[in-house]
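Chains as they are written, first to last, in the numbering used here: chain Z, 1 to 115; chain Y, 1 to 116.
Hints may contain errors.
To be verified - EDC-like cross-link-like pairs, simulated, lysine to aspartate or glutamate; straight-line CA separation at most 20 angstroms:
(1) Y:Lys103 - Z:Glu44
(2) Y:Lys77 - Y:Glu15
(3) Y:Lys103 - Z:Glu85
(4) Y:Lys49 - Z:Asp18
(5) Y:Lys103 - Z:Glu72
Claimed, not checked - Stretch by stretch, here's where chain Z covers chain Y in the computed footprint (C-beta under 8 angstroms, at least three residues):
(6) 42–49
(7) 81–90
Keep in mind the hints are simulated off the structure, nothing from the lab. The structure displayed is predicted, hence computed values, not measured ones. Note that beta-carbon positions come from the ideal geometry of N, C-alpha and C, so glycine has one too.
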Amino acid sequence: GAGVSQSPSNKVTEKGKDVELRCDPISGHTALYWYRQRLGQGLEFLIYFQGNSAPDKSGLPSDRFSAERTGESVSTLTIQRTQQEDSAVYLCASSLGGLGFYEQYFGPGTRLTVT
Amino acid sequence: AQSVAQPEDQVNVAEGNPLTVKCTYSVSGNPYLFWYVQYPNRGLQFLLKYITGDNLVKGSYGFEAEFNKSQTSFHLKKPSALVSDSALYFCAVRDIPSSNDYKLSFGAGTTVTVRA
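The shape of chain Z in the complex, shown without the other chains:
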């Protein structure tokens, strides 16, 4: 079956511009996660959606970052007024549910470069 897809795969933007990253989770997966992976580092949790519950935004690094999810499908991560430190790979993952024992399935990521 289809896995998690993300678009674009690469994005180069100028400092100060806004960017929007898209994630299509696996059909039927109610939980969706966004992570940031800086070069040579582990994954940094950003935000979590589970069904119709209020999202956990505790990992968003600043108010320039926001995310939305339509029902249990597509999610978009928006970064406003991008800064060079925002350059990273942004990974989306989905899982069958929000309980801790479900493994997450990851998309290929969006590589963001802010010049």
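Chain Z is already provided as a structure; the job is to place chain Y on it using the hints.
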């Protein structure tokens, strides 16, 4: 609070030799433990997990891991490494019970290089 450490940035082994990637964790309760692998230019793939039961868990591509509660470790092993196992490996932990038990904490990753 939950955290995970991968003490080795890099592991180099010859093809056919045993491969071990180390992981230790810290939780306040009991852990759920996961291993993921990231091949070059590809997303993270799930390898295996420990939830409960048998301390030795088997996963994809011939990998296995042993949960050791007394040593708070969850080392990943493969008896005979292949060149195609060269990748970046991440250990992850979830603390249970927790109100935020969906949150996964990842290690910094270990780069495995298997030479022919």
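For each hint, the structure was consulted:
Pair hint Y:Lys103 plus Z:Glu44 holds up; C-alpha atoms about 11 angstroms apart against a cutoff of 20 angstroms. Note on Y:Lys77 and Y:Glu15: the hinted pairing holds, with a Cα-Cα distance of about 14 angstroms set against a maximum of 20 angstroms. Simply put, Y:Lys103 and Z:Glu85 have alpha-carbon atoms about 24 angstroms apart, too far for the 20 angstroms limit, and the pair is violated. Simply put, Y:Lys49 and Z:Asp18 have alpha-carbon atoms about 38 angstroms apart, too far for the 20 angstroms limit, and the pair is violated.
Straight-line distance between C-alpha atoms of Y:Lys103 and Z:Glu72 comes to about 18 angstroms, which keeps the hinted pair within the 20 angstroms bound. Restraint check on the segment 42–49 of chain Y versus chain Z: 6 residues with Cβ-Cβ distances below 8 angstroms, three needed, restraint holds. Closer than 8 angstroms: that is the beta-carbon criterion, and the segment 81–90 of chain Y has 1 residues meeting it against chain Z, so the requirement of 3 is violated.
Of the hints listed earlier, those the structure fails to meet are numbers 3, 4, 7, in rising order.
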